[in-house]
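Novice: Since the structure of chain G is already known, use the hints to place chain E on it.
The primary structure of each chain is shown beneath.
Number of protein chains: 2
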Amino acid sequence: MSLDRLIEGIKKTKNPTVAGLDPKLSYIPEYIKEEAYSKFGRTLEGASEALYQFNVGLIDALCDIVPAVKPQAAYYEMYGWQGVRALKRTIVYAKSKGMFVITDGKRNDIGTTMEAYASAHLGEVDVEGTNFEAFAADALTVNAYLGTDGVKPVLNVCKKYDKGMFILVKTSNPSSGELQDRILDDTKTIYRTMGDMCEKWGEELPGKYGYSGVGAVVGATYPEQLGELRKALPHTFFLVPGYGAQGGGAKDVLPAFDENGLGAVINSSRGIMCAWQKDPSLDPRNYAQAARNEAVRMRDEITA
Amino acid sequence: MSLDRLIEGIKKTKNPTVAGLDPKLSYIPEYIKEEAYSKFGRTLEGASEALYQFNVGLIDALCDIVPAVKPQAAYYEMYGWQGVRALKRTIVYAKSKGMFVITDGKRNDIGTTMEAYASAHLGEVDVEGTNFEAFAADALTVNAYLGTDGVKPVLNVCKKYDKGMFILVKTSNPSSGELQDRILDDTKTIYRTMGDMCEKWGEELPGKYGYSGVGAVVGATYPEQLGELRKALPHTFFLVPGYGAQGGGAKDVLPAFDENGLGAVINSSRGIMCAWQKDPSLDPRNYAQAARNEAVRMRDEITA
Chain G
1 MSLDRLIEGI KKTKNPTVAG LDPKLSYIPE YIKEEAYSKF GRTLEGASEA LYQFNVGLID
61 ALCDIVPAVK PQAAYYEMYG WQGVRALKRT IVYAKSKGMF VITDGKRNDI GTTMEAYASA
121 HLGEVDVEGT NFEAFAADAL TVNAYLGTDG VKPVLNVCKK YDKGMFILVK TSNPSSGELQ
181 DRILDDTKTI YRTMGDMCEK WGEELPGKYG YSGVGAVVGA TYPEQLGELR KALPHTFFLV
241 PGYGAQGGGA KDVLPAFDEN GLGAVINSSR GIMCAWQKDP SLDPRNYAQA ARNEAVRMRD
301 EITA
Chain E
1001 MSLDRLIEGI KKTKNPTVAG LDPKLSYIPE YIKEEAYSKF GRTLEGASEA LYQFNVGLID
1061 ALCDIVPAVK PQAAYYEMYG WQGVRALKRT IVYAKSKGMF VITDGKRNDI GTTMEAYASA
1121 HLGEVDVEGT NFEAFAADAL TVNAYLGTDG VKPVLNVCKK YDKGMFILVK TSNPSSGELQ
1181 DRILDDTKTI YRTMGDMCEK WGEELPGKYG YSGVGAVVGA TYPEQLGELR KALPHTFFLV
1241 PGYGAQGGGA KDVLPAFDEN GLGAVINSSR GIMCAWQKDP SLDPRNYAQA ARNEAVRMRD
1301 EITA
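If you're matching them up, the sequences are chains G and E in order. The opening position of the first sequence corresponds to residue 1 in this note's numbering, with each subsequent residue numbered one higher. The opening position of the second sequence corresponds to residue 1001 in this note's numbering, with each subsequent residue numbered one higher.
Same shape as in the complex, but just chain G:
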């Protein structure tokens, strides 16, 4: 009824990281693309098949040492419904390999519509008395600009299906401060106010390791705010993007963790997916091994 399964995966692998699966065609070795195109053409379907096969290789190479994957919905939607099918297949495959799956969709809407998103991405949907899983990830990222109405339906689905969510608090991008750093008339920042709301919403989804099912997205690119929020939000687990390609380093993510080394999972997307492209002498067929090597390096750097 929370993010406990993620925390257990982190404990088991001794690795508080998540591999972002944000595949662009340019990240994928030619041999995978050519095989997909030979079956489905140089089409949205062919591209989507390449995405999926690339992910399968990564998941196989990472599943015993990395506890979670985070597919970014945008990179699948880019290839149409065919890409969205590749997202579903990726989620199913990663779960079959024991990984915790966080769909990064940053979904948000009014209550009735948010019920539909929660059913789609975390729960089940009823068709004439039979329940189907539309996507059924383990957690979903959520944008809470609309307030409690847009979070409550996700809380309900998380309770029922033992799932979790991560709410955008302080994002990793350069312009995140334009709104999020603005000071309210009670002298708190907007991001801090959003963080406090996460603590409150999380009371409905308590977890056995002290962290609730309502996590927060806090970027590695703002280490000071990361430390401030870690202290202020003792029950809120952090999903930390921005490590690696976006500029955050191992020192920057340290403030995300509590005294037991828990409390956060650090995401790397391009660093892991594109590791094979950094060594021009590497046979592209070893892309997954290169991803595994980078994941080990990242784990060791962060847990050092």
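Quick caveat, the hints were computed from the structure, so don't treat them as lab data. Idealized CB from N, CA, C, for every residue including glycine.
Short, incomplete list of chain G residues facing chain E, as computed with Cβ under 7 Å: (1) Leu44; (2) Ala47; (3) Ala74; (4) Gly80; (5) Asn108; (6) Val125; (7) Ala134; (8) Asn143; (9) Thr148; (10) Thr171; (11) Leu179; (12) Arg182.
Specialist: For chain E alone, coordinates are given in the frame of chain G:
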């Protein structure tokens, strides 16, 4: 390079409304569902086919009197990639009938990822030198909690493909004020600050009717704020949800319009889709005619 095509549709039909296509199975007449299930089973695919056929009937009945449709992405994602395929088919069909299509996805993310969403929902995507349309609506709703980085890529795609966007400013739901009504230390509300950002972003997408390609979502359920924002944001076109089922009436949406009766498009979803269910004596095969009657009633009420 803006929302001009929407405005022209409104002028032509003399109807500043948009029909929300947020189909739930319970809104769809049995005969449509049974036909879909007989072909594809009581499955996600069967449900998605029913959604699409229901939409086709509505679009046929509305396309000469209502200028635009607004499919809500959540209700399609709920039925998996099969539902997302029904979304794509709906967009293609509505465009073929001359309607302006607003995908209500409330998408948001950091810059690189937002590029992917903009390509997916408004632009084109390249597969080895050939361009494909993934969804290619005419406009997309956007949540700008992440600031300019998350809007800029959408602006670029709108420029290139003559599309528009609507940014969440003051949403229609009961808890919208939790964050959006909070006062910043310069004494402005957050929603007003977001509105001011829309005006600024809109400078890059000027339109020939005085309204830019960056619109704003402002709920009919908060008429006072609607009037405040209409005065404050002279170049920002409003997409106004909350009329009908959510409680907003014709008087509530009046403040959304400028002195020429332009400046806003009012959405009705359940009111139009479920019109046939209000009259138990109606043959469900006439659901589309009932939707048309309700759309005419709404148009006349709003333009009175």
